[in-house]
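Participant: The primary structure of each chain is shown beneath.
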Amino acid sequence: MPYLEMKGITKLYANGLLANDAIDFSVEKSEIHAVVGENGAGKTTLMKILYGLEQPDAGTITLAGSLVSIRNPLDANRLGIGMVHQHFKLIPDFTVVENVILGIEPVRAGIFVDRGVASARIRQIVEQHGFSVDPRTPVHQLTVGQMQQVEIVKMLYRDASLLILDEPTSVLTEQEIGKLFVTLRSLQKGGRTCIIITHKLQEVLEISDRLTVMRKGAVVAVRRTADVPDRAELARLMVGRDVLYPLTRVKKACGDAVLELKDVTLTQRGRSRPLLSNINLSVHSCEIVGVAGVSGNGLGELEDVVAGLQRVTSGHVLHLGEDVTALGAAELRERGMAYVPADRLHRGSSLQSSVTENMIVANHHRFLRAGFLKRGKIQAFADGLTKSFGIDGGPHVPIGTLSGGNIQKVILARELTSAANIVVVAEPTWGLDVASSQFVYEKVLSMRAAGAGVLFISSALDEILGIADSIIVMYRGRVVAQLANDQNTQSDPNVSKQFKEYIGEYMLGLKDDFAPTNLKGKDAQP
Amino acid sequence: MKGKKSLGDFLASLTGLALTLLISFALVIALILILSKTPGKTLFYFFIGPFTNNYYLGNMLNVAVPLVFTGLGIAVAFKSSVFNLGGEGQVYAGGLATTLVCLALPVANGFVGVLLAIIAAMVLGGAIAGFSGYCKMKWNADEMISSFLVSSAVVLIVNYFITGPLQDPHNNMLASLPLAHQYSLLKLFPPSKLNLSALFAIVMAVLVFFFMNRSHIGYEMRMCGLNREFSRYGGINVSKYLVLPMILSGALHGIGGGLMVLGTYGVLYEGFSAGMGWNGIAVALIAKNNPLGVLPAALLFAYLDAGAKAAMLSGDVTFEIASIAQSFIFYLVTAQALYSLVHRRRRAA
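Chains as they are written, first to last, in my numbering: chain E, 1 to 526; chain C, 1 to 349.
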């Protein structure tokens, strides 16, 4: 008798999408169970039903042997089900304690919040699980990993015995992921049950005991993780066809430099350490330069600077040999820059606007007659892109109603045009499933084949190793390593693994090829 | 190019509005039943009165005219996520500019004079609102507060002109010298005050609609309004669109004020436009910032106004009953509209 059993769960959304089609899903007591599947496979819907955020049209839920009805998250909490959302639901100005007790504050003398009792219990939970947060700190001072810990503490404080974690690793650094896994194991030892939703195949294999694979609203496989031989097998289960893995890259000779950064420094008032410090790099045509680093080490700032959205404090940015340091996004775009931003929901798209309106943001000047937009031409343009990039939904719908993968396709369709000679791509597959990621890689590679230079900024080392011709590693706003990424580091899994660990040491700041002392020794100038 | 919404969404949004109106009308009926000694007659005049003769009907339509302009002004600003709360001062200043031009040119050709007077109203209104936009761009001064404060000062300055240099010495009213009669606009529906400016209002609503939804600048303004970060990323000059929508908004307010002076009064009365700026906000919110929706929304406000006037003249209630209904609609509409606007503003900031 499984601990949790969901039977025949069916959910038909008002827009006609059959998100869950008679799903049977079960979890054993104190196991770590992974739910994997592509975007839109119905994983999140199933978990929302379990947490009371959605109501199923059919089906039953049995928890610990008794039939339950979960109408809202409060019901779920009462039954001991807790959820850690992908986007944290914390109040930044509140302390850890205040966030944790929000909604179930212990009350003294009728009106006062009894912080003492709450703090003591929270401190106990924190210590018991080896978390690194101080309960008195305001949440906005915490790192992303610590915020997630607060979310978990919140659920433990509410005595959740079944924890649902939605994409828990997507925002974490490698070390934080390690810590999270330790936490999950300790929760498991304490008799709690965890369900994790994820796309990251390696992690599924590492942490889960069993896994359920979903595809198009149905369960296609339930396996013991130990029985799944490797990632490729898992990917095949998820998408139902063989995914190219690894990428095939044709080596091409690099041309002239299209983008160069010379001693670029970015400082911020009130911060002693510069956000970017003496960055030197160059991207040539037909070359993909991967920028690796743990998030928070200057990747985002580098992205802003090369995209023309952030003025540098000192140093120069060169495009095709000309100084473009002072130019903004509009001029850079005119010169042939394409830019796929990391923040695709806020910067890369205007969610309430239609797909068409999103597609013309940078080039609507091309569709003008006497100051008015040529609607026919724009329509044809959008229809063409929608078709050639296989975007679901059509050009009239607000882009915010599309799935993450389709939103990214719209952005790629807009940016990756033949006119681009330098392509800046940041975290392009964040939160995307295998097939969508593959699509992104193919498009980036096709830009390189067409002669563009690509700056590929990503905190996912795997994809950089898979796609980049050379790799730059950043740590605390500085370039700490510049490495070639040649064929043999990819083809041989053993070499690849070693290379990954080697780069990992740079990413964590354990090694530094350009340490300031070295620099002084090398090019000391009077 | 606008996202086509499903019929269901559209009906749902109408239901909310219909409910608002229903509650407001119910309130009016309840008030009349309580306050009036002859409720049947008063109710009749309130709801049917505006349609009983040309005079009432024309005056009702005429009241809607300036509301169309202020409503359009607010819609343009709100669509771009800039907040113009200085409508009161901008309308009033538009009236002053028109009066100054007409008094300075006592014998010009009527057409030329009217054109110049309206341009002056437009420029002054636009400049006053644009100043707040400029402060926002330059020093990040909240345009919502600065436009309101500037407007309050402008009202006092216009009052000074009316009671000082422009005052008509032969008249006890707080009003300027009368404008030369060649500047008064063609009356459309005598004996009512409805005049040519009603046609301007309709044309302007259509123009603003096409400008916002079809033009290059309109597109950039809307994108900045929805998501400023996205617009900057796309290469749109976002700081320009902190100022331009304010200028356009102020210009529309100014025209509204100028046309009231030319068409309705023929003279600049103290406080002639009081409330027009605020009601413009309500009109824009009811219209959900759609320039074409501003027309029926302005008519609704004018209808309540006219109904109350008719009920006051032929029944036994006071004019305040319309104000109560209007403010009630205002509360209900703003409650839902401000909620979404504030959210959008946060995202766009």
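Worth double-checking, as some hints may not be accurate.
[Stated by the list, open to error] List of simulated lysine to any residue pairs, SDA-like, C-alpha gap at most 20 Å:
no., chain 1, residue 1, chain 2, residue 2
1, E, K216, E, G384
2, E, K374, C, H216
3, E, K374, C, F131
4, E, K377, C, I217
5, C, K240, E, R311
6, E, K377, C, D142
7, E, K377, C, M137
8, C, K37, C, F319
9, E, K500, E, D21
10, E, K89, E, P138
11, C, K288, C, A127
12, E, K374, C, D142
13, E, K29, E, T10
14, C, K240, E, G328
15, E, K189, E, P229
16, E, K374, C, R214
17, E, K374, C, N213
18, C, K240, E, K200
19, E, K377, C, K240
20, C, K240, C, D142
21, E, K216, E, S161
22, C, K240, C, M137
23, E, K377, C, H216
24, E, K377, C, K138
25, C, K240, E, E167
26, C, K288, E, P398
27, E, K374, C, F210
28, C, K240, E, P398
29, C, K138, E, K500
30, E, K374, C, F211
31, E, K89, E, A22
32, C, K138, E, R311
33, C, K240, E, S161
34, C, K240, E, K374
35, C, K138, E, G431
36, E, K216, E, T10
[Unchecked claim] Reference listing, derived: stretches of chain C covered by chain E, where coverage requires no fewer than 3 residues with Cβ under 8 Å from a Cβ of chain E:
no., segment
37, 57–70
38, 223–236
Just so you know, the hints here were simulated from the structure itself, not pulled from any lab data. Ideal Cβ positions, reconstructed from N, Cα and C, are used throughout, including at glycine.
Participant: Which numbered hints turn out to be false for this structure?
Facilitator: 1, 3, 6, 7, 9, 11, 12, 13, 15, 18, 19, 21, 24, 25, 28, 29, 31, 33, 34, 35 and 37
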